[in-house]
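Student: Based on the sequences and whatever the hints tell you, model everything.
Going down the list, the sequences are from chains A and B. Here the numbering used here is used: the first residue of the first sequence is 5, the next is one more, and so on. Here the numbering used here is used: the first residue of the second sequence is 86, the next is one more, and so on.
Just so you know, these hints were derived from the structure itself, not from any lab. Remember, predicted model here, so these are calculated numbers, not experimental data. Using N, Cα and C, we set each Cβ at its ideal position, and we do this for glycine too. Any given hint might turn out to be false.
To be verified - Which chain B residues stay away from chain A? Per the calculated CB distances, all over 12 Å, these: (1) VAL203; (2) MET211; (3) LEU220; (4) THR228; (5) ILE243; (6) ALA271; (7) ILE273; (8) ALA276; (9) THR282; (10) ILE283; (11) SER294; (12) PHE310; (13) LEU399; (14) SER405.
Stated by the list, open to error - A partial selection of chain A residues facing chain B, derived with a Cβ cut-off under 10 Å: (15) ASP65; (16) THR71; (17) PRO79; (18) ALA101; (19) LEU102; (20) ASN173.
The chain contents come next:
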Amino acid sequence: MFKRLTQLGLSLGLAVAGAAVAHAADKVSIVYIPKNTGNPYFDSLEKGFQDGCAKLGCTFDAQAPATADATSQIPFITAQTQRGVSVIAISPNSPDALNQVLDRARERGILVLAVNGDLVGNLQHRDAGILPVDFTKTGPGQVELLGSEIGYKGDIAILSATTDAPDQNTWIAAMKDVLAHNPKYAKMKLLTIAYGDDDPQKSTTEMEALIQKYPTLKGVISPTTVGVAAAAQVIETAGKAKQITLTGLGTPNQMRPFIKDGTVHAIQLWSPYNEGLLTAYFAVGVKSGAIKNSPGTTFEVPGLGTVTIGPDHIINTQAELTTFDESNIDKYNF
Amino acid sequence: MTTNLPPSASSQDASKPLWRATLMRPETMTLVLLVAAIIVGSLLSRFFDSLSFILESATYYSEFSIVALVLTLVIISGEIDLSPAAMMALSACLFGSAFQAGVPIGLAMVISIVSGVVMGAFNGFMVLWLRLPSLMVTIGTLTMYRGLAQILAGDRSISKFPTWFVGVDYRELYGVPIPVLIFIFASIVLAVVLGTTILGRQIYQIGTSEVAARYAGIKVRRIKFMLFVSMGVVSAICGLIATSRLASVRYDLASGGELQMVLIVMLGGTYIFGGRGTILGTFIASWLLVIIATGMTVADIPVTYQLTVMGLLLIVSIISTNLIYSRNQA
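Tutor: What follows is the structure in C-alpha cells.
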C-alpha cells in the first residue's frame with residue numbers, strides 16, 4: 005500500500021515538475037552568494053548588482069548561508085549549478101574548501117566570479133576576482149591610519165574575522181610585513197591577533213578579552229565590518245575611548261554613532277555598492293561576448309570610468325581606501 | 086529509561102492486523118514525511134527532480150548519516166554519544182598533521198582510525214567503569230576533543246593532499262557517489278546485525294531493561310564498550326571522507342554535527358530513552374533531511390526558513406514517536 009502511495013507521490017511530483025519546465029530565459033542570470041546572512045555590508049553590494057541588472061536587463065538573486073563556516077556555501081553552489089544560472093558570484097568563506105564544487109560549476113559553463121575576496125592560492129578555480137581596492141595597499145593603509153592616530157608608538161592588536169578568511173589574512177600578512185620592515189612603525193608592537201568569526205557576540209567577547217588581558221593596549225585594528233562595530237561598542241561601554249584607539253574597516257552607517265560621539269576617530273572602507281555594480285557589468289559583458297576575459301582588457305562602467313582586468317584576472321574596483329571621519333561621513337549612506 | 090516491555094514494537098503487535106501494525110510504526114511517519122517532502126520539493130522548484138543532483142547533494146550529509154547509523158545502536162542500548170563530530174575533527178586533524186609532517190598517507194590514515202578507537206574507548210571507560218552518565222561524559226569529551234584538534238591544527242587549514250585522496254564524493258559507481266554507497270552498505274549491514282542477530286536482540290534488551298539483561302547473562306558492559314569504540318572508529322572514517330571531500334582539514338570540521346546526527350536518529354523514530362528504534366528509520370530519516378535541505382536550497386528559500394522547518398519537523402517526529410509508543414503500550 006505504501007509502496008503504491010510512494011509511487012503515486014513520485015509520479016505526481018514528476019508530472020507537476022515536468023509541466024512546470026519553462027523555456028530557458030535568454031537573459032543572463034546572476035546569483036550572488038555572500039559569506040552569510042545578516043551582514044549589512046553585503047546588502048549594499050547586492051544593491052549594486054540590482055541597479056546594474058536593472059539597467060542591463062539581467063536577472064539577479066542573492067542566496068546566503070546561515071553561518072560563515074568554511075563549508076557552509078557548498079550546498080548553495082551545487083543548488084545554483086543545478087538551477088543552471090549563467091553566473092555565480094561568490095564572496096568565499098574559504099580559499100580551498102570550495103575548489104572542487106566551483107570547478108564542477110565551471111565545467112557546466114557557469115562563469116564563476118570571486119567578489120570582494122579572492123581564492124588566495126587557488127585562483128585557477130574561478131574565472132575572475134573582483135576586489136574592492138588594490139588589496140596590497142589595504143594592510144599598510146590601516147597601519148598608517150592607526151599609527152597617525154597614536155603617534156606611531158605603543159602596543160596594538162588585531163581583531164579579525166574567521167581564522168580562515170582569505171582577504172583578512174592577506175591584509176594581516178601585509179600589516180605584519182610593514183610593522184616589521186618599515187622603520188616608521190618600529191615603535192608599534194603587535195601583541196596578538198584575535199578572531200571574532202564575523203559574529204557580533206564572539207567579536208564582543210574577544211574584544212573584552214583583549215582589554216582585560218593587555219592593560220597596555222593603545223590601539224586596535226579590526227579589518228572587518230562586524231568586528232569593528234562590536235569593538236566600538238565594547239570601548240564605548242567600558243569608557244576606554246581615551247585610552248584605546250580603534251580603527252578598521254567599517255561601513256559609514258554602522259560606525260556613524262561612534263564617530264559622532266568620539267569613540268572612534270576614523271575608519272576606512274571602499275564602496276561595496278560599486279563592486280556589485282562593476283561585477284554585474286563585467287558578468288553581462290563576458291557572457292554576451294562584449295568583454296574578453298583576459299588580462300589587459302579594459303571596459304567602461306558608468307560612474308566608475310574605465311576598468312582594467314589585471315594580472316591573474318583580478319579587477320580592482322578602486323585604487324585606494326576611502327577614509328571616513330567626522331568631516332565626511334555624512335556624505336555616505338551604506 | 087527502564088521499562089518492563091518487550092524489546093521491540095513488532096513483537097507486541099503480533100495480535101493486531103498487519104496493516105495496523107505497519108501504520109503504527111514510527112518509521113511509517115518518517116516515510117510519509119519523506120514522500121511529502123519529495124512532492125513539495127518537486128512543486129517548489131523544477132530543478133529538484135534530478136537524481137544525480139540529489140545524490141551529489143547527499144554526499145554533503147552522508148558523513149553525518151553514516152555516524153547516525155551507529156549512533157542509533159548506541160541510543161537503543163540506552164546510552165548517548167554527543168562527541169562524534171568532535172572525534173571526526175580530531176582524528177582528521179591528526180591525519181592532516183601526520184601527513185604534513187611527512188608520514189606516508191596510508192600510515193596517516195591508520196593513525197586517524199587508531200585515534201578513533203582510543204577516543205571511543207575513553208568515552209566507554211568513563212561511562213562503563215567510572216559509571217558516569219554518557220550524556221555528561223560525551224558533552225565533556227565533545228569540548229575536549231574539539232579543543233585538542235584546535236591545539237593540534239591551530240587556526241589554519243591543512244591541505245595539499247595527493248590527488249588520488251581528494252574528491253571521494255566525485256568518484257561514482259553506477260552513478261552513485263562513493264560516500265552514499267558506503268552509507269547504503271553500512272545501513273544494510275547494521276540492519277542485519279540489529280534485526281536478525283543475537284547481538285541485535287541483546288542491544289534491544291539492554292536498552293529496555295539493563296538489570297533484566299544482566300540477569301539474563303548478557304555481557305552488558307562488553308557490548309556497550311564495543312558500541313562506544315565503534316562510534317570512535319566510524320567517526321574517524323567519516324572524518325577522512327570529509328577531508329577527502331573538502332580537500333582540506335580544519336579544527337572546526339563538522340562543527341555542530343552532533344545535533345544533526347541526533348536529529349536524524351530521532352526523526353527515524355528511535356526512542357531517546359532506549360530499547361526501541363530501527364536502522365530502517367534512521368536510513369529513511371537521513372534521506373528526509375537530504376531532501377528537505379536540498380529541496381529548499383534549490384528553490385532559493387532563505388536559510389532562516391530552512392532552520393525553522395527542521396525544528397518543526399523534529400518536534401512533530403518526537404510527538405508522533407511518543408504517541409505511537411504509548412498507544413502500543415496500552
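Student: So, for every hint listed, does it hold in this structure?
Tutor: Going through the hints against the structure:
Listed as a non-interface residue, VAL203(B) keeps its Cβ farther than 12 Å from every Cβ of chain A; the least gap is roughly 26 Å. In this structure MET211(B) is separated from chain A by more than 12 Å, as the shortest Cβ-Cβ distance comes to about 29 Å. No Cβ of chain A approaches the Cβ of LEU220(B) within 12 Å, the least distance being about 25 Å, so the stated non-interface status holds. At the 12 Å boundary, the C-beta of THR228(B) stays outside the reach of chain A, the nearest C-beta of that chain being 16 Å off.
Against chain A, the non-interface label of ILE243(B) is violated: not every CB pair exceeds 12 Å, the least being about 10 Å. With a minimum CB-CB distance of about 22 Å to chain A, ALA271(B) clears the 12 Å threshold, and the non-interface call stands. Once the 12 Å rule is applied to beta carbons, ILE273(B) is consistent with being away from chain A; the minimum gap is 19 Å. The Cβ of ALA276(B) lies farther than 12 Å from every Cβ of chain A, with a closest approach of about 18 Å, so its non-interface assignment holds.
The claim that THR282(B) lies off the interface holds: its Cβ sits roughly 27 Å from the closest Cβ of chain A, which is beyond the 12 Å cut-off. With a least CB separation of 30 Å from chain A, ILE283(B) remains clear of the 12 Å interface cut-off, as annotated. Against the 12 Å criterion, SER294(B) stays outside the reach of chain A, whose nearest CB is about 32 Å from its own CB. No beta-carbon of chain A is positioned within 12 Å of the beta-carbon of PHE310(B); the least distance is around 33 Å.
For LEU399(B), the condition that its CB be more than 12 Å from all CB atoms of chain A holds, with the nearest at approximately 17 Å. Under the 12 Å C-beta cut-off, the non-interface status given to SER405(B) relative to chain A holds; the minimum distance is some 16 Å. This hint holds: ASP65(A) has a C-beta 6 Å from the nearest C-beta of chain B, less than the 10 Å allowed. A hinted interface residue such as THR71(A) counts as satisfied when its beta carbon comes closer than 10 Å to some beta carbon of chain B; here the least separation is about 9 Å, so the hint holds.
The beta carbon of PRO79(A) comes within 5 Å of a beta carbon in chain B, closer than 10 Å, and the hint placing it at the interface holds. Annotation: ALA101(A) was flagged as interfacial toward chain B, and the flag holds, the nearest CB pair being 5 Å apart, inside 10 Å. Checking LEU102(A) against chain B by beta carbon gives a least distance of about 9 Å; that is within 10 Å, so the hint holds. For ASN173(A), the suggested interface contact is upheld, since its CB lies about 9 Å from the closest CB of chain B, less than 10 Å.
In summary, the structure is inconsistent with hint 5 from the numbered list given earlier, while agreeing with all the others.
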